[in-house]
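Trainee: For the sequence shown, the positions run 232 to 666 when the numbering used here is used.
By construction, these hints were calculated from the structure, which means they are not laboratory data.
Keep in mind that a hint or two might mislead.
Stated by the list, open to error - Dumping the calculated DSS-like pairs for lysine-lysine here, alpha-carbon to alpha-carbon at most 30 Å:
1. K527 x K462
2. K544 x K527
3. K624 x K660
4. K281 x K334
5. K551 x K569
6. K527 x K563
7. K307 x K293
8. K307 x K276
9. K365 x K293
10. K305 x K239
11. K660 x K544
12. K551 x K276
13. K569 x K281
14. K239 x K281
15. K276 x K354
16. K527 x K548
17. K551 x K462
18. K462 x K640
To be verified - Here are the simulated distance ranges between beta carbons:
19. R329 x E284: 22 to 28 Å
20. E458 x N404: 47 to 53 Å
21. G250 x T304: 32 to 38 Å
22. E509 x C420: 45 to 51 Å
Bear in mind the structure is a predicted one, so any value in this text is a computation, not a measurement.
Even for Gly, the Cβ is constructed at its ideal location relative to N, Cα and C.
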Amino acid sequence: MTFYIANKNCLDRSEPATGKTAPSCVMCKYVNDYENGSTIFVMPKSLLVKNQEELTNWTGLKSLIYRGQPTLTKWKGETYDAILTTADTLSRHYEHIRKMLTKPLGFVLADETHLYWSSASAKRTQFILALCRKIPRNLWLTGTVIRGRLDSAYPVIQMIEPRYYGNHASFMNQHAVRDAFTGETIGWCNEAKINAILNIHSVNNLFRDVYGDPDYIYLPTHVEINEKHWKYYHEFEQFANLELEDESVLYATEAGVQTLRCRQILANPEVLGLKIPEYGKDEWIFENLLNGDYNKVVLFSALQGEQVRLVEKIKAKGFKVGLINGTVSTDKRGQIDKDFRDGDLQVIVASPATAGVGLNWHNCEVAAFVSVDYMDDNMTQATFRFIRGKRNKTIPIYLLRYQNTIEDKIYGIIQKKSELAARADSSRKPLKGLF
232 MTFYIANKNC LDRSEPATGK TAPSCVMCKY VNDYENGSTI FVMPKSLLVK
282 NQEELTNWTG LKSLIYRGQP TLTKWKGETY DAILTTADTL SRHYEHIRKM
332 LTKPLGFVLA DETHLYWSSA SAKRTQFILA LCRKIPRNLW LTGTVIRGRL
382 DSAYPVIQMI EPRYYGNHAS FMNQHAVRDA FTGETIGWCN EAKINAILNI
432 HSVNNLFRDV YGDPDYIYLP THVEINEKHW KYYHEFEQFA NLELEDESVL
482 YATEAGVQTL RCRQILANPE VLGLKIPEYG KDEWIFENLL NGDYNKVVLF
532 SALQGEQVRL VEKIKAKGFK VGLINGTVST DKRGQIDKDF RDGDLQVIVA
582 SPATAGVGLN WHNCEVAAFV SVDYMDDNMT QATFRFIRGK RNKTIPIYLL
632 RYQNTIEDKI YGIIQKKSEL AARADSSRKP LKGLF
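All chains, please: the whole structure from these sequences, using the hints.
Mentor: Structure (structure tokens):
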């Protein structure tokens with residue numbers, strides 16, 4: 232709180248589960264009582280209800296969840312101390328939201344900002360940066376400042392102090408390593424400058440300082456691939472490997488067409504109309520995780536077709552299972568989360584990107600990444616779902632990959648992105664144990 236008060240534009244980059252939400256909510260009360268200002272609280276849609284409860288419990292402020300046109304249609308002129316909304320809704324409905332505030336807008340608070348304000352070219356990012364220059368106080372909360380690309384740190388630095396870079400082109404001139412012929416970004420440099428800026432302008436509580444060292448272990452596990460499955464995959468492997476050797480892939484969220492086709496064949500060939508007699512990873516899961524040794528299991532999968540197949544197979548075996556991905560509503564995700572914590576579900580199949588915020592599975596006994604995307608932060612955030620608070624014993628997290636396939640290279644990309652983030656933010660540790 233003292234840091235927030237002293238620094239009108241700042242960042243809280245404390246690690247997940249170290250308690251960012253409570254003091255930031257109290258800061259809303261401080262602005263309301265001592266600076267005569269109301270608050271707009273921005274966050275992913277999945278956190279709206281949870282964060283409104285926290286805001287009410289900690290401050291007692293009158294608040295509203297603004298969901299766009301449906302909320303506007305029902306509005307009868309009431310005013311609120313704080314309005315909670317998403318980044319996209321804020322950029323589209325700012326003028327309406329501003330009129331619903333009891334006092335002049337004095338504070339923009341934003342949670343998990345890496346999920347929606349990490350791209351400098353996005354319209355919603357450009358909107359918030361313009362708005363921040365007009366607002367007395369801005370506080371962003373994220374434990375993931377670097378998201379794959381070094382310039383994902385640009386928006387938060389621009390919010391804190393525009394004079395550091397002036398514009399995105401200046402940032403790229405100072406930090407991007409470009410191919411001499413194509414002009415494409417193939418690497419990054421001068422990460423120490425970003426680290427120095429972050430250290431000056433942010434709060435940074437580490438998980439190990441609050442709870443001790445995180446109690447989990449990654450267990451890389453190679454799984455044998457069925458001969459017919461391998462035959463389908465091998466047709467595209469050579470071109471996929473060439474795509475993954477392109478350095479620019481390291482700084483993208485997805486790879487090329489051939490790589491995507493290979494990943495689909497490995498994870499969910501049935502979506503492409505290919506019939507596989509058995510899936511090596513599925514068999515491994517039933518033999519090692521769903522064999523009666525564990526009561527609470529979480530399986531992360533980055534591909535929707537694979538998620539759906541796993542849920543269907545697990546249900547067919549008699550297990551109670553829930554699915555959390557982008558197609559599942561916020562309310563249903565909350566109910567699945569509650570049922571799992573209460574013991575009414577034995578298994579959750581989840582997308583790492585969707586399940587990476589707002590969930591607490593410290594009572595989970597074992598987990599596995601069945602497939603992954605290219606983002607190190609999605610893997611880190613998903614892992615932190617299991618270690619919020621103090622665990623009684625170490626949780627094993629299996630990293631399943633088919634032998635002699637591109638999946639090892641994908642983990643290599645994740646590793647390199649993690650190392651880049653650690654160079655720009657010295658408090659972050661690169662992911663270890665992936666190989």
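Trainee: Taking the hints in turn, state whether each one holds.
Mentor: Going through the hints against the structure:
1. K527 x K462: Not satisfied, since the Cα-Cα distance of roughly 35 Å exceeds 30 Å.
2. K544 x K527: Between K544 and K527 the Cα gap is close to 17 Å, so the pair holds against 30 Å.
3. K624 x K660: Distance ~22 Å between K624 and K660 Cα, so the pair holds.
4. K281 x K334: holds, 24 Å
5. K551 x K569: holds, 13 Å
6. K527 x K563: holds, 19 Å
7. K307 x K293: Answer holds: K307 to K293 is near 16 Å, not above 30 Å.
8. K307 x K276: holds, 24 Å
9. K365 x K293: holds, 24 Å
10. K305 x K239: violated, 34 Å
11. K660 x K544: violated, 37 Å
12. K551 x K276: holds, 26 Å
13. K569 x K281: holds, 13 Å
14. K239 x K281: The given pair, whose Cα atoms are some 25 Å apart, holds under the 30 Å limit.
15. K276 x K354: Between K276 and K354 the Cα gap is close to 18 Å, so the pair holds against 30 Å.
16. K527 x K548: Judged against 30 Å, a Cα distance of about 15 Å means the pair holds.
17. K551 x K462: violated, 34 Å
18. K462 x K640: holds, 19 Å
19. R329 x E284: 22 to 28 Å: holds, 24 Å
20. E458 x N404: 47 to 53 Å: With a Cβ separation near 52 Å, E458 and N404 satisfy 47 to 53 Å, so the hint holds.
21. G250 x T304: 32 to 38 Å: holds, 37 Å
22. E509 x C420: 45 to 51 Å: Cβ of E509 to Cβ of C420: about 47 Å, so the range 45 to 51 Å holds.
When held up to the earlier numbered hints, the structure conflicts with 1, 10, 11 and 17 and fits the remainder.
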